[in-house]
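Chemist: Here are the chains, one letter per residue:
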Amino acid sequence: MIARGTARVHTATVVGTHAVPVTVEVDVGPGLPSFIVVGLGDAAVLESRDRVRAALRASGYTFPSARVVVNLAPAPLRKHGTGFDLPIAAAILAATAQVPGRAVAGHLVGELSLDGRVRAVPGVLAHALVAREASRPLLLAQESTRNASVVNDLEVCGLTDLSQLRVTGLSGASPVEPPEWTGGEPDRTLPDLSEVAGHEVAKRALEIAAAGGHNILFVGPPGSGKTMLASRLGPLLPPLTPAERLEVAVIHDVAGLDPQHALSGRRPYRAPHHSCSLGGLVGGGSPLRPGEISLAHTGVLFLDELPEFGPAALQALRQPMEDGYISLVRADGHIRFPARFALIASANPCPCGYHGDSAHPCECNQTQIRRYRTRIGGPLMDRIDIRLRVDRVDPGIIVSSHRSESSEAVRLRVLAARERAMACGRGPSSGLRGKELLHACRLDDKAREQLTAQARSLHLSGRSVTRLLRVGRTIADLDGSDRVTPEILDEAVSYRGSEV
Amino acid sequence: MTRRHEISIDSTDYPDYLRNISEPPRVLYCMGDPALLVPGLAVIGSRKATPYGLSATRVFAGWAASQGITIISGAAIGCDQEAHRSALAADGPTVAVMGCGADIDYPSGAADLLAEIREVGAVISEVPWGTGPQRWLFPRRNRLIAGLCQAVLVVEASLPSGTFNTADHALDYSKQVLAVPGSIFAPECRGSNRLLVQGATPITDVTELGDALGVNVDTQLHLAAASEHPLLAALLVNPMRPDDAARELALHIVEVSRLLGRYESCGLLSRYPDGRYGPCVSMRQALQSPHGDRSQ
Numbered sequence: 001m002i003a004r005g006t007a008r009v010h011t012a013t014v015v016g017t018h019a020v021p022v023t024v025e026v027d028v029g030p031g032l033p034s035f036i037v038v039g040l041g042d043a044a045v046l047e048s049r050d051r052v053r054a055a056l057r058a059s060g061y062t063f064p065s066a067r068v069v070v071n072l073a074p075a076p077l078r079k080h081g082t083g084f085d086l087p088i089a090a091a092i093l094a095a096t097a098q099v100p101g102r103a104v105a106g107h108l109v110g111e112l113s114l115d116g117r118v119r120a121v122p123g124v125l126a127h128a129l130v131a132r133e134a135s136r137p138l139l140l141a142q143e144s145t146r147n148a149s150v151v152n153d154l155e156v157c158g159l160t161d162l163s164q165l166r167v168t169g170l171s172g173a174s175p176v177e178p179p180e181w182t183g184g185e186p187d188r189t190l191p192d193l194s195e196v197a198g199h200e201v202a203k204r205a206l207e208i209a210a211a212g213g214h215n216i217l218f219v220g221p222p223g224s225g226k227t228m229l230a231s232r233l234g235p236l237l238p239p240l241t242p243a244e245r246l247e248v249a250v251i252h253d254v255a256g257l258d259p260q261h262a263l264s265g266r267r268p269y270r271a272p273h274h275s276c277s278l279g280g281l282v283g284g285g286s287p288l289r290p291g292e293i294s295l296a297h298t299g300v301l302f303l304d305e306l307p308e309f310g311p312a313a314l315q316a317l318r319q320p321m322e323d324g325y326i327s328l329v330r331a332d333g334h335i336r337f338p339a340r341f342a343l344i345a346s347a348n349p350c351p352c353g354y355h356g357d358s359a360h361p362c363e364c365n366q367t368q369i370r371r372y373r374t375r376i377g378g379p380l381m382d383r384i385d386i387r388l389r390v391d392r393v394d395p396g397i398i399v400s401s402h403r404s405e406s407s408e409a410v411r412l413r414v415l416a417a418r419e420r421a422m423a424c425g426r427g428p429s430s431g432l433r434g435k436e437l438l439h440a441c442r443l444d445d446k447a448r449e450q451l452t453a454q455a456r457s458l459h460l461s462g463r464s465v466t467r468l469l470r471v472g473r474t475i476a477d478l479d480g481s482d483r484v485t486p487e488i489l490d491e492a493v494s495y496r497g498s499e500v
Numbered sequence: 501m502t503r504r505h506e507i508s509i510d511s512t513d514y515p516d517y518l519r520n521i522s523e524p525p526r527v528l529y530c531m532g533d534p535a536l537l538v539p540g541l542a543v544i545g546s547r548k549a550t551p552y553g554l555s556a557t558r559v560f561a562g563w564a565a566s567q568g569i570t571i572i573s574g575a576a577i578g579c580d581q582e583a584h585r586s587a588l589a590a591d592g593p594t595v596a597v598m599g600c601g602a603d604i605d606y607p608s609g610a611a612d613l614l615a616e617i618r619e620v621g622a623v624i625s626e627v628p629w630g631t632g633p634q635r636w637l638f639p640r641r642n643r644l645i646a647g648l649c650q651a652v653l654v655v656e657a658s659l660p661s662g663t664f665n666t667a668d669h670a671l672d673y674s675k676q677v678l679a680v681p682g683s684i685f686a687p688e689c690r691g692s693n694r695l696l697v698q699g700a701t702p703i704t705d706v707t708e709l710g711d712a713l714g715v716n717v718d719t720q721l722h723l724a725a726a727s728e729h730p731l732l733a734a735l736l737v738n739p740m741r742p743d744d745a746a747r748e749l750a751l752h753i754v755e756v757s758r759l760l761g762r763y764e765s766c767g768l769l770s771r772y773p774d775g776r777y778g779p780c781v782s783m784r785q786a787l788q789s790p791h792g793d794r795s796q
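Chain order of the listed sequences is A and B.
Quick note, the first sequence lines up with residues 1 to 500 if you use the numbering used here.
Quick note, the second sequence lines up with residues 501 to 796 if you use the numbering used here.
The hints are simulated quantities; they were obtained by calculation from the structure and are not laboratory data.
Some clues are possibly wrong.
Computed Cβ-Cβ distance ranges for the label pairs, DEER-style [as the list claims (entries may be wrong)]:
1) B:S608 to A:H273: 31 to 39 Å
2) A:H18 to B:D612: 42 to 50 Å
3) B:G632 to A:D445: 22 to 30 Å
4) B:S511 to A:Q315: 55 to 63 Å
5) A:E419 to B:E616: 53 to 61 Å
6) B:P628 to A:A312: 46 to 54 Å
7) A:V399 to B:G568: 56 to 64 Å
8) A:H273 to B:E523: 55 to 63 Å
9) B:G568 to A:D482: 55 to 63 Å
10) A:D258 to B:L659: 56 to 64 Å
11) A:M228 to B:L659: 28 to 36 Å
12) A:S231 to B:S608: 54 to 62 Å
13) A:S461 to B:L671: 42 to 50 Å
Examples of chain A residues lying across from chain B (beta carbon under 10 Å, computed) [said to hold, decoys possible]:
14) P379
15) D382
16) V393
17) Q450
18) S494
19) G497
C-beta: ideal position from N, C-alpha, C; glycine also.
Between the sequences and the hints, there should be enough to build the whole structure, so can you do that?
Modeler: Below is the structure:
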């Protein structure tokens, strides 16, 4: 005869990038045998009934032949995913006294297979943070313990099988030691700048972009090396700080990506194809999942063929580029995903791609070219500080044995420049604006005079001048200069680039 | 409302030298001042003009117009419109020869320009009022441009092109053909360079243009640029990309970027759409003005 009773087990559901605590309450009571789950679970939650029933039997437990009611509290909150399998099963076992109550006293999350094994689910880092908040040990699939154990001050226990609950309970499940940080080591497998022949201006532009967090646009014909250059920006950036690592890892984890990449300190590099939907780019779906811009948070977002992206997608980039996050509003509430990324974009100069090419004639007429160039839109272009024309490199240079500077050497300069900015109490110069920017540039009379002359002769708008000064400030950081000098302004002007 | 004139071939107002071309128009439709239909200088070039072509157009059309020579062109995008604008800017006479009715604004972007030409110059056509632009009319229009002028100056022409076609007509009518030499590597200059090979008169500065047209040039422009920096001298001769320039002159890329930024800012060089840096129109003015002297 199975004992009757109630039990509650703590778990959570992921909303955005956060886990919201949920209590699983089980009542095993008199009545016709049934198994009901209430509390706004989605289809995956409701299906857990069949998995739980099978898993209990397979692990040698008895499924109560009684009226089993499961309530997921708070009831008005929508709950998603298969992570509720383990907490529901544990609550039933505790309610029927098949396992001791203390065995399920932690924060539980995991999916069950029909034979009783415990499977990993996405979002364990978010769960881990909630568990730490509530000072509960985290009980989850053994394979997830590696990710969860990076959260400090948290007891993490791994389960491979549901039957372990009976034998050892929570106290007996193997606690996992947090791993040592090894991040920050340069990765030899990443693309290196020394492999790029020619393109000296573009490499310098990448260095400046990495040091100042500027957005870049490369314009050039097909095969000129835009993608190759873009993929080399990531390794130039400094490693993630421990706080950033966890922040990025949580986002990647809830999106179902492996968080180990971010946990090792490497900045994310995302390159969505231009057929990417609006939801895929900025976040969307039900439940709301982070989009590419959030997956690129603290790292690099590479948009190849920028004008080919849908106009809605391009315009949606504006708010996150300005604010560093995106706010999504849906029927069941609004969610904010962090999205502070360095945008690196490439574009062809015209629809056929060969405008201005020395070897290949362009087949477009002026109207087509003009229309193509207006696709990106002024407001987005305004947020791109560095715009550069890149062209195919002469084969003679590609095959010559001349090796250029390695990414590591450039990265050291980038680090030094960033540290210099930090020492002056500034962030990356791409974030400076208005008075703050003018103050940081510390222009002397001569530089001021030259800037005025340049703005006049090159017909620079107020926004262009702002971009010029931002780039100038970064070059000064790289030069080790505390002022933006006339020579630096001269250089900054040359990255102003063509309007595409 | 601008005056409209219909000048028949029997009229005494009909320009004499137009009677000598093949199939002279029976009636010439003209908006503006018919007295401007005197032998002038046709300045023609590519629609897809490079900054080099536009600069050359500005220098030569502007100068000739300032000498009172009528600038004749076709109002097309690129060099043609630049020629008209330069003439207007120099308060000189200009005539636009249209491939559609003289009262039609084509290309549509040139409406303001055409309105100004109708006001102070003349817009003419051989097709009746209101005729829309049609493909086959433009080659015929080219023969009118060639017929109306004393000399044709080809600024930039690719091969084959309408510009080249106009120059062919001019040769048929025994007009003087002048051409601005271009880079041997630039496809936009292949047509104009071909004309030079075939015997056209090369025009490299306004003195030569004056000689060719029989006008005295009292001012000689001196290019002092070459004494500035080897980079500037090199780019004025042969436009190059920054990477190539740095390699050719064995300079560091940062130094090249800074020099290019400086020369571009003071109008000595300009950035071409293909990423190369080369001579720019305001170069002459820049060299003469105190602002251009920045060789610190």
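Chemist: Next step is simple, just say for each hint if it's right about the structure.
Modeler: Verification of the hints:
| no. | hint | in the structure |
| --- | --- | --- |
| 1 | B:S608 to A:H273: 31 to 39 Å | holds, 37 Å |
| 2 | A:H18 to B:D612: 42 to 50 Å | violated, 58 Å |
| 3 | B:G632 to A:D445: 22 to 30 Å | violated, 59 Å |
| 4 | B:S511 to A:Q315: 55 to 63 Å | holds, 60 Å |
| 5 | A:E419 to B:E616: 53 to 61 Å | holds, 59 Å |
| 6 | B:P628 to A:A312: 46 to 54 Å | holds, 48 Å |
| 7 | A:V399 to B:G568: 56 to 64 Å | holds, 58 Å |
| 8 | A:H273 to B:E523: 55 to 63 Å | holds, 57 Å |
| 9 | B:G568 to A:D482: 55 to 63 Å | holds, 58 Å |
| 10 | A:D258 to B:L659: 56 to 64 Å | holds, 57 Å |
| 11 | A:M228 to B:L659: 28 to 36 Å | holds, 34 Å |
| 12 | A:S231 to B:S608: 54 to 62 Å | violated, 43 Å |
| 13 | A:S461 to B:L671: 42 to 50 Å | holds, 47 Å |
| 14 | P379 | violated, 23 Å |
| 15 | D382 | violated, 20 Å |
| 16 | V393 | holds, 8 Å |
| 17 | Q450 | holds, 8 Å |
| 18 | S494 | holds, 4 Å |
| 19 | G497 | holds, 8 Å |
Taken one by one, the earlier hints fail for this structure at numbers 2, 3, 12, 14, 15, listed in ascending order.
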